[in-house]
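2 protein chains.
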Amino acid sequence: MFQKIAQTQTPIIDPLALRWSGRAYDANRPVESEKRLALLEAARWAPSCFGYQPWRFLMWHRSEESQAWRRAFECLAESNQSWAGHAPLLMLACADTQFADGRPNRWCQYDTGAAVMSLSAQATALGLMVHQMGGFDAKKIRNEFAIPESFDCLAMITIGYQLPREQVPEELQERELAPRSRRELAESFFEGAWEQSAS
Amino acid sequence: MFQKIAQTQTPIIDPLALRWSGRAYDANRPVESEKRLALLEAARWAPSCFGYQPWRFLMWHRSEESQAWRRAFECLAESNQSWAGHAPLLMLACADTQFADGRPNRWCQYDTGAAVMSLSAQATALGLMVHQMGGFDAKKIRNEFAIPESFDCLAMITIGYQLPREQVPEELQERELAPRSRRELAESFFEGAWEQSAS
Chain L
1 MFQKIAQTQT
11 PIIDPLALRW
21 SGRAYDANRP
31 VESEKRLALL
41 EAARWAPSCF
51 GYQPWRFLMW
61 HRSEESQAWR
71 RAFECLAESN
81 QSWAGHAPLL
91 MLACADTQFA
101 DGRPNRWCQY
111 DTGAAVMSLS
121 AQATALGLMV
131 HQMGGFDAKK
141 IRNEFAIPES
151 FDCLAMITIG
161 YQLPREQVPE
171 ELQERELAPR
181 SRRELAESFF
191 EGAWEQSAS
Chain E
1 MFQKIAQTQT
11 PIIDPLALRW
21 SGRAYDANRP
31 VESEKRLALL
41 EAARWAPSCF
51 GYQPWRFLMW
61 HRSEESQAWR
71 RAFECLAESN
81 QSWAGHAPLL
91 MLACADTQFA
101 DGRPNRWCQY
111 DTGAAVMSLS
121 AQATALGLMV
131 HQMGGFDAKK
141 IRNEFAIPES
151 FDCLAMITIG
161 YQLPREQVPE
171 ELQERELAPR
181 SRRELAESFF
191 EGAWEQSAS
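Those sequence lines, one after another, are chains L and E. Just so we're aligned, residue 1 is where the first sequence starts under our numbering, counting upward by one. Just so we're aligned, residue 1 is where the second sequence starts under our numbering, counting upward by one.
Calculated from the structure, these hints are not laboratory results. All of these numbers come straight from a predicted model, not from anything done at the bench. Treat the hints loosely; a few may be bogus.
Since the list gives no way to pick out one identical chain from another, each pair is judged satisfied if it fits inside one copy or across any two copies.
Straight-line Cα separation of at most 20 Å, EDC-like style, residue types lysine to aspartate or glutamate; simulated pairs [unchecked claim]: (1) K4 x E184; (2) K4 x E174; (3) K139 x E195; (4) K35 x D14; (5) K140 x E34; (6) K35 x E191; (7) K35 x E184; (8) K4 x D152; (9) K139 x E34; (10) K140 x E191; (11) K140 x E195; (12) K139 x E74.
Chain L with its partners taken away, still in its complex shape (with noise of 0.2 Å):
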């Protein structure tokens, strides 16, 4: 397994610096039972508005080679069928976008990110890989699962453990070994005042 952590001004836990999005899945390792557990529990934990918890989750063992894991795997988009079919575990975050009485539910998709982060987290720490995507066709997974016109389809999610290093994909090295990056602190984090960069 090899790391990307991220540049930090300050450590921070090892299940944040050491998360990345990877594509290297190795198609011969299942995710055990116990860790899948692990994994759904601290999604369940997460914060929410009102304690609601307006995420669902659907799964797929592609293990099983289930035709439902194929008909999710499809729905994917073609640059993420590429790599994603090598995951042994395949899910779909959505979103309840009403609460129990109807009204709108503002902070839906807000919480479930909040959940698939606590879920990326714990598998960071169990030694596994997360990869989320926004690229799938959502109008076909809904019909093709009869998801609730209510539920908004958000992403699905690829789990799995990553391939040693000297094992990646010729057509994934590139990818794979590139280093992370995300903006300067001070773009995104303000004091006081809007764009006014924190000390």
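Mind docking chain E on chain L? Use the hints.
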């Protein structure tokens, strides 16, 4: 400091298991600048769609007793003002609703939720308590701080140290000491088909 650890079927990492949204802040204990920096770095390195990092954070320090902090504080719902004034750090999380080319970014809230979850996990690891609030006047804070219309004002956030249990004010005790709860796993996590419980 008192804990309300998440009740899980298998262990999850402490920064997630020990995170909870308390209200009883120690007004006399500021957040060290090094720790604050770690929180921002944690948020900064969250994943986002196309690496666009749609989040923006605006912060105010209570310790300065600044006009700016007061103006932000007054955007909170009254029910939140009753306790949030003791937290040394107040933040607003916003999401850039458009990509650079002006197209809408349907993942902007989702990604911003992930960034705040990252911040919260890091905060927990540093012994800090984070409480996110949807109860604030989004229109008022936009006007007060000239936040561009293209940004969605999603959550106000308090950060600080928790009061020792014996110092929790009478009126907060019931809520602070109540157990945390979540829906059953089977209600949020499906396998193969919608609403089919995960094995």
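Verification of the hints:
1. K4 x E184: For K4 and E184, the Cα distance is within 20 Å only inside one copy (18 Å; across copies 35 Å).
2. K4 x E174: Close inside one copy (13 Å), not across copies (44 Å); limit 20 Å.
3. K139 x E195: between (37 Å within a copy, 18 Å between copies)
4. K35 x D14: both (17 Å within a copy, 15 Å between copies)
5. K140 x E34: neither (31 Å within a copy, 47 Å between copies)
6. K35 x E191: For K35 and E191, only the inter-copy Cα distance (16 Å) is at most 20 Å; the intra-copy one is 40 Å.
7. K35 x E184: Result: close only across copies, 18 Å inter versus 34 Å intra.
8. K4 x D152: neither (32 Å within a copy, 31 Å between copies)
9. K139 x E34: neither (32 Å within a copy, 45 Å between copies)
10. K140 x E191: between (43 Å within a copy, 18 Å between copies)
11. K140 x E195: For K140 and E195, only the inter-copy Cα distance (18 Å) is at most 20 Å; the intra-copy one is 40 Å.
12. K139 x E74: Within. Shortest intra-copy distance 12 Å satisfies the 20 Å Cα cut-off; inter-copy 42 Å does not.
Comparing the model with each earlier hint shows violations of hints 5, 8, 9; every other hint is respected.
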